[in-house]
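Protein chains in written order, with full-length UniProt numbering: chain A, 1 to 316; chain B, 1 to 502.
Warning: the hint list may mix true and false statements.
What the hints assert, rightly or not - Calculated Cβ distances over 10 Å to all of chain A for the following chain B residues:
no. : residue
1   : Ile27
2   : Ile71
3   : Glu203
4   : Ser255
5   : Gln483
6   : Phe495
7   : Ala499
Unchecked claim - No more than 20 Å apart at the CA atoms, straight line, and that leaves these computed lysine-lysine pairs for PhoX-like:
no. : chain 1 : residue 1 : chain 2 : residue 2
8   : A       : Lys10     : B       : Lys493
9   : B       : Lys4      : A       : Lys19
10  : A       : Lys19     : B       : Lys330
11  : A       : Lys98     : A       : Lys32
12  : A       : Lys167    : A       : Lys259
13  : B       : Lys493    : A       : Lys19
14  : B       : Lys197    : B       : Lys134
15  : A       : Lys91     : B       : Lys330
16  : A       : Lys19     : B       : Lys5
17  : B       : Lys435    : A       : Lys91
18  : A       : Lys223    : A       : Lys203
19  : A       : Lys259    : A       : Lys203
What the hints assert, rightly or not - Partner residues are not named here, just some residues of chain B that face chain A (Cβ under 8 Å, in silico):
no. : residue
20  : Leu232
21  : Leu358
22  : Leu376
23  : Leu377
24  : Glu432
25  : Lys435
26  : Tyr484
27  : Thr485
28  : Gly486
29  : Arg488
30  : Pro497
None of these hints come from the bench; they were simulated from the model. No residue lacks a Cβ here, since even glycine has one placed at the ideal position from N, Cα and C.
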Amino acid sequence: MFLASPSVLKRNGVLGMNKRNIDYIGRYNPRKYYKRVDDKLTTKQLALANNIAVPDLIGTVSEQHGIADIPAMVNDTDGFVIKPSKGSGGKGILVVTKVEHGRYYKPNGQEVTPSEVYRHVSNVLSGLFSLGGKPDVAIVEGLIQFDPVFDGYSYEGVPDIRLIIFKGFPIMGMLRLSTAASDGKANLHQGAVGVGIDIATGKGLHAVQFDQPVDYHPDTQKKLISIAVPQWDTLLHTASMAYEMSELGYLGTDMVLDKNKGPLLLELNARPGLAIQIANGRGILPNLRHVENMGNHNMTVEERVAYAKIHFSANS
Amino acid sequence: MHSKKPFYILVALLFISGIAASVYRGIEHSVPFLPGKQVQSWAVDAKVSFQGTGEPAEVSFSLPEDPAYEILVENATSPGYGLTITDNAIDRRAIWSIRRAVGIQDLYYKVTLIPTGQDKLIADKTPDTPAVYKWPATEQAAAEQAIEEVWSKSATNLSFAQQLNKDLNANERSQNIELLLTSNSPNKLFIRMLHSKGIPAKEVSGLYLEDQRRRQQLSNFVEVYNDGQWHLFNAEDGSQGRPDNLLLWDRSGTSVLDVIGGVNSQVNFSMLQDTRSALATAIDVMKNDNALDFSLYQLPLEEQSLFKGILLIPIGVLMVVFLRVLIGIKTSGTFMPVLIALAFIQTTLITGLVGFLLIVSFGLMIRSYLSELNLLLISRISAVIIVVIGIIGLFTLLSYKFGLSEGLTITFFPMIILAWTIERMSILWEEEGPKEVVVQGGGSLFVATLAYLAMSATWVQHWVFNFLGIHLVILALVLLMGQYTGYRLLELKRFRPLAGEK
Chain A
1 MFLASPSVLK RNGVLGMNKR NIDYIGRYNP RKYYKRVDDK LTTKQLALAN NIAVPDLIGT
61 VSEQHGIADI PAMVNDTDGF VIKPSKGSGG KGILVVTKVE HGRYYKPNGQ EVTPSEVYRH
121 VSNVLSGLFS LGGKPDVAIV EGLIQFDPVF DGYSYEGVPD IRLIIFKGFP IMGMLRLSTA
181 ASDGKANLHQ GAVGVGIDIA TGKGLHAVQF DQPVDYHPDT QKKLISIAVP QWDTLLHTAS
241 MAYEMSELGY LGTDMVLDKN KGPLLLELNA RPGLAIQIAN GRGILPNLRH VENMGNHNMT
301 VEERVAYAKI HFSANS
Chain B
1 MHSKKPFYIL VALLFISGIA ASVYRGIEHS VPFLPGKQVQ SWAVDAKVSF QGTGEPAEVS
61 FSLPEDPAYE ILVENATSPG YGLTITDNAI DRRAIWSIRR AVGIQDLYYK VTLIPTGQDK
121 LIADKTPDTP AVYKWPATEQ AAAEQAIEEV WSKSATNLSF AQQLNKDLNA NERSQNIELL
181 LTSNSPNKLF IRMLHSKGIP AKEVSGLYLE DQRRRQQLSN FVEVYNDGQW HLFNAEDGSQ
241 GRPDNLLLWD RSGTSVLDVI GGVNSQVNFS MLQDTRSALA TAIDVMKNDN ALDFSLYQLP
301 LEEQSLFKGI LLIPIGVLMV VFLRVLIGIK TSGTFMPVLI ALAFIQTTLI TGLVGFLLIV
361 SFGLMIRSYL SELNLLLISR ISAVIIVVIG IIGLFTLLSY KFGLSEGLTI TFFPMIILAW
421 TIERMSILWE EEGPKEVVVQ GGGSLFVATL AYLAMSATWV QHWVFNFLGI HLVILALVLL
481 MGQYTGYRLL ELKRFRPLAG EK
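Taking the hints into account, I'd like the entire structure generated from these sequences.
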């Protein structure tokens, strides 16, 4: 059959875009807190104030003439990332993994000339990647030394862990692995692999690429569901803390595992996508309803994580 | 969470009032529900002629007043005469006057009428009980006997009149009737007998409407009052009811034509049937009734045609909401497809699609050169706008040289929108590759095409301009779709892997 029956999807608790927008984002995310997540610089500052680990901030550029300072900022680093503060969907992120004698190289070994870097930053400042084309700020961050535990699971890019946090409870998780098809990006619609992760254990459950189930990574042929995310409890804690920090009820957290610093919060998303359901092979609604039915709670971060591990595990 | 009841009440109110306003427009103002509808109209000329005697003359002529016909235009011509049209409680009359009338005088009255479909003669108020006719001594006994005989066989005023009309026209009339008919015309006798029983009745005159007839005369009928309504009888031939093509000219019961200061007066009618646009007719009628207040029809024509375009936008917007919320199609820029569809209306679909693709692909080529130059975003887009204008100018000139008049309409594209489209597509190309450009651009053009098809349908254009209530219905639908929490059609495909298991 070409189309799924809506009643079957409903029975399986699949959340649709319209319902997400009206019943979750519209109801639980107060508009006034959006800037906390839409502006990555603000998110970073908030995270630092709340003792949440984030990637190093090398510097920011907010004026066109500030672009000239970039070489001074980055020439002593091993690598850096330039991203727009108000960008969305991974747009406008420039990753340089090697700096050698003032020459820059992308993860795939291609050289980036300084003038290309300047143009990129200039585009960022003009608001090319920001929502509504508003003028923006470029953030220069330190490169993440990603944990070798994912070696062989990701092609060229940093694997990141997306968790959906609803009223402070982590309720669904997914690991996003870039592929050759996704050009090193971690967006599922571009061909990255999504692996559903069990909230209780941090182990892989089910994996998809282009919405179709896969068992092995298309580039490295490693078995995907045998993956286990280390430091899973810390990850859950950090993500769960983002609720207090952002005061958004329905939240997507994106984190990476750094070899030295452990889980780092990359960004928060007030409108997380629905592909996580496909990666997990099940709908998210039962878990959302479970939390809604609890009413108001006064649980601490630890209590919430413990509760989630019992109730939102795929095997429960 | 607050109750959704007020919201649904609001939507229902919008919906009902929108439909009601449209239906009212259609029925009360006879605005046709379908475009291009025609109605029959009648042009009737009355020619009043008399012989002047050299004295001051005054001609009083009754004007038509029939609920079955509406007067669209009327005018009277009569060089040298003063003219007033009086409208009193009893009837409407044209009064021509002149100091001195010598020889044959011709006065004309022209009227254009359209049928209203209202063929009942409703009485505004109960007429007074008529004065009882005093029969001459020779007739009195016969009349009373004849009346009593019919009266005993009737139940209501109407059945009395029907029975009476039958007796007056029976093949073998009673002797009483025969006697009475020797000195009374059938219509007069009919009225007098009705009046004897206190039943209101009056003689009226009407005109049979037949296409291309000339020198027609009025025919006489009798109206009998019963229960709030007048009923038409013809005692001359015993018929009852209203013939289809009858126009009641004078319903006052008084004379049709009075001439003071003239002799041998007469009136002749000629008529012509015509078809005209039902919409134009409805607007003319509204103009006559001063019902145009707060209506778009009273605007100057230029503004009207502007509004015809603007009022199509809700249709395009509705289409976009539907395709995005219920179907789930992605477009680049939320309402860009509506603007493109508006341009298509000017250019027609095929020319528009070809023109759009030409401009965007040329623009992309030039944009790829501009991106080498490391320009600031604002100046790059400004450059693209100027280049787009150049491309449009070039294509217009080329199509003119090749004699392709369709190409000239390319100027209707909104240039700033095009420039932004080119910029967005170009970024998309750099970031996600040409495939995504085709997918998103194709989605936008697909939505624009559907919006165009909806907006260019003649009946849609007819409805959005002539039935403004429809916009309340669209508003209600848009609000309703804004509350839709079900799955989008394309999500049923996307989430298919989640339905197969379990």
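A quick look at each hint next to the structure:
The claim that Ile27/B is not at the interface with chain A holds, since no C-beta of that chain comes within 10 Å of its own (minimum 38 Å). For Ile71/B, the shortest C-beta to C-beta distance to chain A comes to about 55 Å, beyond the 10 Å cut-off, and the non-interface label holds. In this structure Glu203/B is separated from chain A by more than 10 Å, as the shortest Cβ-Cβ distance comes to about 72 Å. Every CB of chain A lies more than 10 Å from the CB of Ser255/B, the least distance being 75 Å, so the non-interface label holds.
At roughly 7 Å from the closest C-beta of chain A, the C-beta of Gln483/B falls inside 10 Å, breaking its exclusion from the interface. The Cβ of Phe495/B sits about 5 Å from the closest Cβ of chain A, inside the 10 Å cut-off, so the non-interface label is violated. Annotated as non-interface, Ala499/B brings its C-beta within 10 Å of a C-beta of chain A; the closest such distance is 4 Å. Taken as a hint, the Lys10/A and Lys493/B pair is honoured in the structure, with Cα atoms around 14 Å apart against an allowance of 20 Å.
A hinted pair counts as satisfied when its Cα atoms are at most 20 Å apart, and Lys4/B with Lys19/A qualifies at roughly 16 Å. Restraint check: the Cα-Cα separation between Lys19/A and Lys330/B comes to about 17 Å, which is no more than 20 Å; the hinted pair holds. Distance check on the hinted pair: Lys98/A and Lys32/A sit about 39 Å apart at the alpha-carbon level, beyond 20 Å; violated. Restraint check for Lys167/A and Lys259/A: not satisfied, since their Cα atoms lie roughly 30 Å apart, outside the 20 Å limit.
At roughly 17 Å between alpha-carbon atoms, Lys493/B and Lys19/A fall within 20 Å of each other, so this suggested pair holds. The hinted pair formed by Lys197/B and Lys134/B meets the criterion: a straight-line CA distance of about 12 Å does not exceed 20 Å. Simply put, Lys91/A and Lys330/B have alpha-carbon atoms about 18 Å apart, close enough for the 20 Å limit, and the pair holds. Only pairs whose Cα atoms come within 20 Å are accepted, and Lys19/A paired with Lys5/B is accepted, the gap being roughly 19 Å.
About 17 Å separates the Cα atoms of Lys435/B and Lys91/A, which keeps this hinted pair within 20 Å; it holds. Taking the CA atoms of Lys223/A and Lys203/A, the gap is near 12 Å; set against the 20 Å cutoff, the hint holds. Among the hinted pairs, Lys259/A with Lys203/A is consistent with the structure: their alpha-carbon atoms are about 19 Å apart, no more than 20 Å. Because the closest C-beta pair between Leu232/B and chain A is about 63 Å apart, greater than 8 Å, the hint is violated.
At about 26 Å, the closest approach between the beta carbon of Leu358/B and any beta carbon in chain A exceeds 8 Å, and the interface hint on this residue is violated. A hinted interface residue such as Leu376/B counts as satisfied when its beta carbon comes closer than 8 Å to some beta carbon of chain A; here the least separation is about 6 Å, so the hint holds. Of the supplied interface hints, the one on Leu377/B holds, with its beta-carbon coming within about 3 Å of a beta-carbon of chain A, less than 8 Å. Taken as an interface hint, Glu432/B checks out: its beta carbon lies about 7 Å from the nearest beta carbon of chain A, inside 8 Å.
Proximity of Lys435/B to chain A is violated relative to the hint, the smallest CB-CB distance being about 10 Å (cut-off 8 Å). Residue-level restraint check for Tyr484/B holds (minimum Cβ-Cβ distance to chain A is 5 Å; threshold 8 Å). Interface restraint check for Thr485/B: the shortest CB-CB distance to chain A comes to about 4 Å, inside 8 Å, so the restraint holds. The closest approach between the C-beta of Gly486/B and any C-beta of chain A is roughly 6 Å, which is under the 8 Å cut-off, so the hint is satisfied.
A hinted interface residue such as Arg488/B counts as satisfied when its beta carbon comes closer than 8 Å to some beta carbon of chain A; here the least separation is about 6 Å, so the hint holds. A cut of 8 Å between beta carbons decides the hint on Pro497/B: the least distance to chain A is about 6 Å, and the hint holds.
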